[in-house]
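Take a look at the letters that make up each chain.
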Amino acid sequence: MLTISMEVQIIFAGLLFLTGLAGFLVRRNIIFMLLSIEIMLNSAALLFVIAGSKWLQADGQVMFIFVLTVSAAEVSVGLALILQMYHHFRTLDADALNKLHDNKDNETA
Amino acid sequence: MNTIFFIAAAAAIISSLLAISNRNAIHALLFLILSLLSISVIFYISGAPLIAALEVIVYAGAIMVLFIFVVMMLNIGVEEETEKSWLKPGMWILPSILASILLVIFIYAAHLLHNEKTGSSVIEPRQVGISLFTTYLIAVEISGVLLLAGIVGAYHLGKQKKKVTHRFMKGADQENTENTELN
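Protein chains in written order, with our numbering: chain F, 20 to 128; chain X, 1335 to 1517.
These are calculated hints, taken from the structure and not from any lab test.
Please note that the accuracy of each hint is not assured.
Stated by the list, open to error - Listed below are the simulated EDC-like cross-link pairs for lysine to aspartate or glutamate, each with C-alpha atoms no more than 20 Å apart in a straight line:
(1) Lys1422(X) <-> Asp78(F)
(2) Lys1451(X) <-> Asp78(F)
(3) Lys73(F) <-> Glu1450(X)
(4) Lys1422(X) <-> Asp112(F)
(5) Lys1493(X) <-> Glu26(F)
(6) Lys73(F) <-> Glu1458(X)
(7) Lys73(F) <-> Asp114(F)
(8) Lys1451(X) <-> Glu26(F)
Unchecked claim - Here are the in silico distance ranges between beta carbons for each label pair:
(9) Phe1340(X) <-> Arg109(F): 40 to 48 Å
(10) His106(F) <-> Ser1455(X): 45 to 53 Å
(11) Leu1482(X) <-> His107(F): 24 to 32 Å
(12) His107(F) <-> Glu1450(X): 47 to 55 Å
(13) Arg109(F) <-> Asn1358(X): 18 to 26 Å
To be verified - According to the in silico footprint, chain F covers these stretches of chain X (three or more CB under 8 Å from chain F):
(14) 1343-1355
(15) 1375-1383
(16) 1396-1405
(17) 1454-1461
(18) 1469-1477
Yeah, the Cβ is synthetic: ideal placement off N, Cα and C, and Gly gets one too.
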């Protein structure tokens, strides 16, 4: 079993979270933004499991299962939205969604 | 075991970095699958075998396959010009600085736990199941409702709707065909 201190594991989860955050801030392709959200959710779930193994309780793993459920629902709805976005705008650029009105002249930007 | 932890952690972080900086969507998704697999190794050696299996089956198996199918449906091979101009190395500076500030705070907070050791025994799937279906039963039911909402939402949003216009505003050729039908 692991004998390292909890500090290292928490820093690892934090590094993973910040990787996802930096990706979310930098990328403009909406698929990559969703992917970065997945990385962040996964690192948060990792932190739950680490804490659960620290106190020898099963609650951390139960929380991981709930995070998994939420992320599955989020991904399915998000990907359906991406499909609709691609269908309407023919692009995956998140900046192309700045037009709130449905003006056909601006649609082919 | 500690060596395995460090190897898997390095693999997870490096492959996540490659996933967010890659320009090809399929390559990025494959790197993300690699990252999820190495996190699954970490779950296994920190005493959560059920979670390690779920990570492989659900995350790397189901969610990533959804992503890959959508990327294949959209047929994205060529990178867009806007993304190319956004992804200049200069664009990484500010987000990286922000992330590093957060990392410093995080390391400080984690340092308070310096002497805490992680638990040294495996938490069996049996314990997880008992806890899931007794203490957290209401949460399981609520997440069932959430998944149902996800299915309905994905079905509704994923439908390719026909453009419905008013019958008097149809295109000229449609109008002509309609007129011929009437005649």
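A quick look at each hint next to the structure:
1. The hinted pair formed by lysine 1422(X) and aspartate 78(F) fails the criterion: a straight-line CA distance of about 43 Å is larger than 20 Å.
2. Proximity of lysine 1451(X) to aspartate 78(F) is assessed by CA-CA distance (about 18 Å); at most 20 Å being required, the pair is judged to hold.
3. Straight-line distance between C-alpha atoms of lysine 73(F) and glutamate 1450(X) comes to about 8 Å, which keeps the hinted pair within the 20 Å bound.
4. Among the hinted pairs, lysine 1422(X) with aspartate 112(F) is consistent with the structure: their alpha-carbon atoms are about 16 Å apart, no more than 20 Å.
5. At most 20 Å may separate the alpha-carbon atoms for a hinted pair to count; lysine 1493(X) and glutamate 26(F) exceed this at roughly 47 Å.
6. Of the supplied pair hints, the one linking lysine 73(F) and glutamate 1458(X) holds, its CA atoms being roughly 14 Å apart against a limit of 20 Å.
7. Restraint check for lysine 73(F) and aspartate 114(F): not satisfied, since their Cα atoms lie roughly 43 Å apart, outside the 20 Å limit.
8. With a C-alpha separation of about 9 Å, the suggested pairing of lysine 1451(X) with glutamate 26(F) holds against the 20 Å cut-off.
9. At roughly 45 Å, the beta-carbon separation of phenylalanine 1340(X) and arginine 109(F) lies within the given 40 to 48 Å, and the hint holds.
10. Taking the beta carbon of each, histidine 106(F) and serine 1455(X) are about 52 Å apart, inside 45 to 53 Å as hinted.
11. Between leucine 1482(X) and histidine 107(F), the C-beta spacing of about 27 Å keeps the proposed range 24 to 32 Å intact.
12. Distance hint check for histidine 107(F) and glutamate 1450(X): the Cβ-Cβ separation is about 51 Å, which falls inside the suggested range of 47 to 55 Å.
13. Taking the beta carbon of each, arginine 109(F) and asparagine 1358(X) are about 19 Å apart, inside 18 to 26 Å as hinted.
14. For the region 1343-1355 of chain X, the stated coverage by chain F is satisfied: 8 residues place a CB nearer than 8 Å to a CB of that chain, which reaches the threshold of 3.
15. Using a Cβ-Cβ cut-off of 8 Å, 6 residues of the region 1375-1383 of chain X lie near chain F, which meets the minimum of three, so the contact claim holds.
16. With 6 residues having a Cβ less than 8 Å from any Cβ of chain F, the region 1396-1405 of chain X passes the three-residue criterion, so the hint holds.
17. Check on the region 1454-1461 of chain X: 5 of its residues sit with their Cβ under 8 Å from a Cβ of chain F, so the three-residue criterion for coverage holds.
18. Evaluation of the coverage hint for the region 1469-1477 of chain X: fulfilled, as 4 residues show C-beta separations to chain F shorter than 8 Å, against a requirement of three.
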